[in-house]
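Colleague: Sequence:
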Amino acid sequence: MQNIFSEEALSELLQSSPAVLLLYGGASCGVCQAIKPRLEKLANEEFPKLITAYIDCQEAAGPLCAARGIFSLPVVQLWFDGQRFAEFARVFSIGDVRSALERPYGLLT
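Throughout the sequence shown, residue numbering follows the UniProt record's numbering, covering 1 to 109 in sequence.
Hints are supplied without guarantee of correctness; some may be wrong.
[Stated by the list, open to error] Computed Cβ-Cβ distance ranges for the label pairs, DEER-style:
hint : residue 1 : residue 2 : range
1    : 40        : 89        : 13 to 21 Å
2    : 72        : 107       : 28 to 36 Å
3    : 107       : 28        : 21 to 29 Å
4    : 103       : 60        : 31 to 39 Å
5    : 66        : 46        : 30 to 38 Å
6    : 30        : 108       : 29 to 37 Å
7    : 28        : 82        : 27 to 35 Å
8    : 46        : 82        : 21 to 29 Å
9    : 87        : 34        : 16 to 24 Å
The set of hints was computed from the structure by calculation and includes no laboratory data. A virtual CB, placed ideally from N, CA and C, is assigned to each residue, including glycine.
Whenever a hint applies, use it, and build me the whole structure from the sequences.
Modeller: This is the structure in structure tokens:
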């Protein structure tokens, strides 16, 4: 999972990758730290073309999170072809993320 710190890096990633999972989290967010490896495992095992990125809203990326309207943690966003497809905030399961990924991921060429 790569770390994103700026709007420029995020925009470049979203434009250059057909499928992206973004995790907005923080070092002091226990849930964020618990789901990060589970999301990485999900992507590696079931969705190998999916690029995963982590944005730490409690550190250097704070202004980026505020600009994107992220005010509670964790938040997972799924992006396909530069468009936000789904967003999960605060209370969700890995199964919810898996289900949301299956159909659009299956359409990737």
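Colleague: Determine for every hint whether it applies to the structure shown.
Modeller: Hint check results:
| no. | hint | result |
| --- | --- | --- |
| 1 | 40 / 89: 13 to 21 Å | holds, 19 Å |
| 2 | 72 / 107: 28 to 36 Å | holds, 30 Å |
| 3 | 107 / 28: 21 to 29 Å | violated, 38 Å |
| 4 | 103 / 60: 31 to 39 Å | holds, 35 Å |
| 5 | 66 / 46: 30 to 38 Å | holds, 32 Å |
| 6 | 30 / 108: 29 to 37 Å | holds, 33 Å |
| 7 | 28 / 82: 27 to 35 Å | holds, 31 Å |
| 8 | 46 / 82: 21 to 29 Å | holds, 22 Å |
| 9 | 87 / 34: 16 to 24 Å | holds, 19 Å |
Figure legend: structure checked against the earlier numbered hints; the only hint not met is number 3.
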